[in-house]
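Engineer: Position chain B against the provided structure of chain A, taking the given hints into account.
Chains A and B, in that order, give the protein sequences.
For what it's worth, this note's numbering labels the leading residue of the first sequence as 1, then goes sequentially.
For what it's worth, this note's numbering labels the leading residue of the second sequence as 1, then goes sequentially.
Simulated from the structure, these hints should not be mistaken for laboratory data.
Just so we're clear, the structure is a prediction, and the values are computed from it rather than from any experiment.
Treat the hints with care, as some may be off.
Because identical chains share one entry, a pair is satisfied inside a single copy or across any pair of copies.
Mimicking EDC-like on lysine to aspartate or glutamate, the simulated pairs with C-alpha atoms at most 16 Å apart in a straight line are [what the hints assert, rightly or not]:
1) 47 - 25
2) 12 - 314
3) 159 - 128
4) 30 - 334
5) 228 - 107
6) 346 - 270
7) 228 - 106
8) 57 - 255
9) 191 - 157
10) 23 - 41
11) 228 - 87
Number of protein chains: 2
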Amino acid sequence: MSETNSLLEAYKQTKFQLAGHGKRDVQILKEALQAYEGHQESDIYGKGKIIEDFQSKMATFLGKEAAVFFPSGTMAQQIALRIWCDEKNLKKVAYHPLSHLEIHEEDGLKKLHQIETILLGEKSRIIELDDVINIHEEIACLLLELPQREIGGQLPDYKTLEEISIYCRGKGIKLHLDGARLLEILPYYQKSAEEVCSLFDSVYVSVYKGIGGIAGAILAGDQEFTEKSKVWKRRHGGDLISLYPYIISADYYFEQRFQKMAQYHEEAKELAGLYNMCEMISTMPIKPVSNMFHVHFNAPIEKVKSILVGIFNETGIGLTSYLRETSEEACHYEVSMGDLYSSVPKGKVKQVFAMLNQRMKDI
Amino acid sequence: MSETNSLLEAYKQTKFQLAGHGKRDVQILKEALQAYEGHQESDIYGKGKIIEDFQSKMATFLGKEAAVFFPSGTMAQQIALRIWCDEKNLKKVAYHPLSHLEIHEEDGLKKLHQIETILLGEKSRIIELDDVINIHEEIACLLLELPQREIGGQLPDYKTLEEISIYCRGKGIKLHLDGARLLEILPYYQKSAEEVCSLFDSVYVSVYKGIGGIAGAILAGDQEFTEKSKVWKRRHGGDLISLYPYIISADYYFEQRFQKMAQYHEEAKELAGLYNMCEMISTMPIKPVSNMFHVHFNAPIEKVKSILVGIFNETGIGLTSYLRETSEEACHYEVSMGDLYSSVPKGKVKQVFAMLNQRMKDI
Numbered sequence: 001m002s003e004t005n006s007l008l009e010a011y012k013q014t015k016f017q018l019a020g021h022g023k024r025d026v027q028i029l030k031e032a033l034q035a036y037e038g039h040q041e042s043d044i045y046g047k048g049k050i051i052e053d054f055q056s057k058m059a060t061f062l063g064k065e066a067a068v069f070f071p072s073g074t075m076a077q078q079i080a081l082r083i084w085c086d087e088k089n090l091k092k093v094a095y096h097p098l099s100h101l102e103i104h105e106e107d108g109l110k111k112l113h114q115i116e117t118i119l120l121g122e123k124s125r126i127i128e129l130d131d132v133i134n135i136h137e138e139i140a141c142l143l144l145e146l147p148q149r150e151i152g153g154q155l156p157d158y159k160t161l162e163e164i165s166i167y168c169r170g171k172g173i174k175l176h177l178d179g180a181r182l183l184e185i186l187p188y189y190q191k192s193a194e195e196v197c198s199l200f201d202s203v204y205v206s207v208y209k210g211i212g213g214i215a216g217a218i219l220a221g222d223q224e225f226t227e228k229s230k231v232w233k234r235r236h237g238g239d240l241i242s243l244y245p246y247i248i249s250a251d252y253y254f255e256q257r258f259q260k261m262a263q264y265h266e267e268a269k270e271l272a273g274l275y276n277m278c279e280m281i282s283t284m285p286i287k288p289v290s291n292m293f294h295v296h297f298n299a300p301i302e303k304v305k306s307i308l309v310g311i312f313n314e315t316g317i318g319l320t321s322y323l324r325e326t327s328e329e330a331c332h333y334e335v336s337m338g339d340l341y342s343s344v345p346k347g348k349v350k351q352v353f354a355m356l357n358q359r360m361k362d363i
Numbered sequence: 001m002s003e004t005n006s007l008l009e010a011y012k013q014t015k016f017q018l019a020g021h022g023k024r025d026v027q028i029l030k031e032a033l034q035a036y037e038g039h040q041e042s043d044i045y046g047k048g049k050i051i052e053d054f055q056s057k058m059a060t061f062l063g064k065e066a067a068v069f070f071p072s073g074t075m076a077q078q079i080a081l082r083i084w085c086d087e088k089n090l091k092k093v094a095y096h097p098l099s100h101l102e103i104h105e106e107d108g109l110k111k112l113h114q115i116e117t118i119l120l121g122e123k124s125r126i127i128e129l130d131d132v133i134n135i136h137e138e139i140a141c142l143l144l145e146l147p148q149r150e151i152g153g154q155l156p157d158y159k160t161l162e163e164i165s166i167y168c169r170g171k172g173i174k175l176h177l178d179g180a181r182l183l184e185i186l187p188y189y190q191k192s193a194e195e196v197c198s199l200f201d202s203v204y205v206s207v208y209k210g211i212g213g214i215a216g217a218i219l220a221g222d223q224e225f226t227e228k229s230k231v232w233k234r235r236h237g238g239d240l241i242s243l244y245p246y247i248i249s250a251d252y253y254f255e256q257r258f259q260k261m262a263q264y265h266e267e268a269k270e271l272a273g274l275y276n277m278c279e280m281i282s283t284m285p286i287k288p289v290s291n292m293f294h295v296h297f298n299a300p301i302e303k304v305k306s307i308l309v310g311i312f313n314e315t316g317i318g319l320t321s322y323l324r325e326t327s328e329e330a331c332h333y334e335v336s337m338g339d340l341y342s343s344v345p346k347g348k349v350k351q352v353f354a355m356l357n358q359r360m361k362d363i
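Bound-form chain A, shown alone:
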């Protein structure tokens, strides 16, 4: 076993894990299919009951005219921005410096669509109204990611969102929602998906994060927009003859989990609280606004790794499968709450954090 993987291996051996829905294994698909009749016909290139029913269900849920199922959010969002750029005949958009499109997509937006980007605000904080007002170039579209994942899942005030929406409409700037984790923020805002989406012209939602499906995304907007998105979906190679394995599982886990987001949020606040009581550990945000947060250790990665491996082995409880170096003296990881947390005995959880606190003190 290599040193690098020892944390992952120790994590895999634990009996309980505090974050997530559990292993991403084939059983997830098997379970979703179990209730499904084998004679149900496949979707064929975007047509058929399986895909049309789910799309119209999601359109209703999001309060949009229409929705399209995509194999990935990467594809869906590039296409959304392309459509808005083409409409305005201006290939320029703005988003956060740590947007998924900027750091995780190998520059697909630029290489495939020749769209220029303006990085708004600063890496370390969310976009505010002033950032938007201070854009001194014309743009076709502003993309907001709610919550801002790379900084632990932070959110603007709802009032700020409304103001940005009004401002953009006034200026003829399309507003696109990167709602990969849209469902996960609804309990904090105390709003319906429809209310949040009404502020945006187009919306992307992932089906495999809080929902816990296998892969896939929904892109929603008005009919003209979604029809155009289907043409681009074909161009990208995303108009698969059959998408049903993803759709069936998306629908199955959506039904199981869309009403559990408030529970995940409460649990995220509870767990973040436990982390924040430990020496040299803090969470970002301090008080989570969704099911996610980042855990920051003010200590070198190798020391933290060795403490975590020890705790996993001794208690049978896993906190994380990986650690990332923030600097020579700090490291961090991401936590997203799911089905698992509620099944871990509370006493065990307390024991783990008492140990973690003690060992961080002893560094």
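Structural biologist: Relative to chain A, chain B alone:
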């Protein structure tokens, strides 16, 4: 029931169908998963046992250094051409006027990659060596589709293929194989996949045509090429967190069917022979060179439809689910042989073609 769909509805009611592997329903996935252990971990963004094992199996099968699993052939092939264009710093390729990229992809190659295309030869026939020699512009890549699907699945002589390959290598033109139906032509050429692929720099193979999987494609070539293709796969939005539903079923049905291609080819010749004995009906090609052919009727579509619906209802045997108008006086459809043909009683087949011949005479 609308008039337009009456053929499809009658087809769906038949007990036996002569072409294909059977219905594209959810059972196809359920069956492939049945033998699969639930605890097997998902592939994660192109990594993991499920995807790596299948990719390396396909690389070996095709005789290439490496292979990459893609969600679709549309994505895989645009990317292959883009890589070859970038390598030569020349955005120009050549292919058949009825190439999938030209007529079925909403111009993705042009809209996403700004690649110019030269349409080689004529719509009604396959590309010959002279067509290649007579290209008077420099091109980065030539794409050959084997068999040429839109004209019934036709093939050049193997010698022509070898000559085109030698010519392209001499001229520094990359040769890409659209082998959506590569396995299906091996019995006719009496060659291994490896032998055919050795003539090409890059190869795409579909996993849901003759193989009968759910969706997906393999792109193979040398290591440098496939590594680049993974970067473009991410840009296109095809680097899904989990592709295993497609990979597991591709592997399952590959094992079941890759040795049945000779059977499908023999059956295609037999069935084409039966069609060709009917009045005003001919197949393209007359003698199939793969598992596929087109059936052409020298009669107006409405008359043919009414004859077919009658025969389906009376015999319980379905020949096709659709008809396409060729001209006011002619129509056609495509036939691809699969698992179903061998289970239809021979006597029933003869009866159907006797009826078809008689009714075409009586028009």
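Engineer: Please go over all the hints and tell whether each is borne out by the structure.
Structural biologist: Checked hints:
1. 47 - 25: Only across copies: residue 47 and residue 25 sit 14 Å apart there, 28 Å inside one copy, limit 16 Å.
2. 12 - 314: within (14 Å within a copy, 61 Å between copies)
3. 159 - 128: within (11 Å within a copy, 67 Å between copies)
4. 30 - 334: neither (28 Å within a copy, 34 Å between copies)
5. 228 - 107: between (22 Å within a copy, 14 Å between copies)
6. 346 - 270: within (11 Å within a copy, 70 Å between copies)
7. 228 - 106: For residue 228 and residue 106, the Cα distance is within 16 Å only across copies (11 Å; inside one copy 24 Å).
8. 57 - 255: For residue 57 and residue 255, the Cα distance is within 16 Å only inside one copy (11 Å; across copies 38 Å).
9. 191 - 157: Answer is within: at 12 Å inside a copy they meet the 16 Å cutoff, but 66 Å across does not.
10. 23 - 41: between (29 Å within a copy, 7 Å between copies)
11. 228 - 87: Classified as within: same-chain Cα gap 11 Å, cross-chain 32 Å, threshold 16 Å.
Hint check: a violation occurs at hint 4 only; the rest are consistent with the structure.
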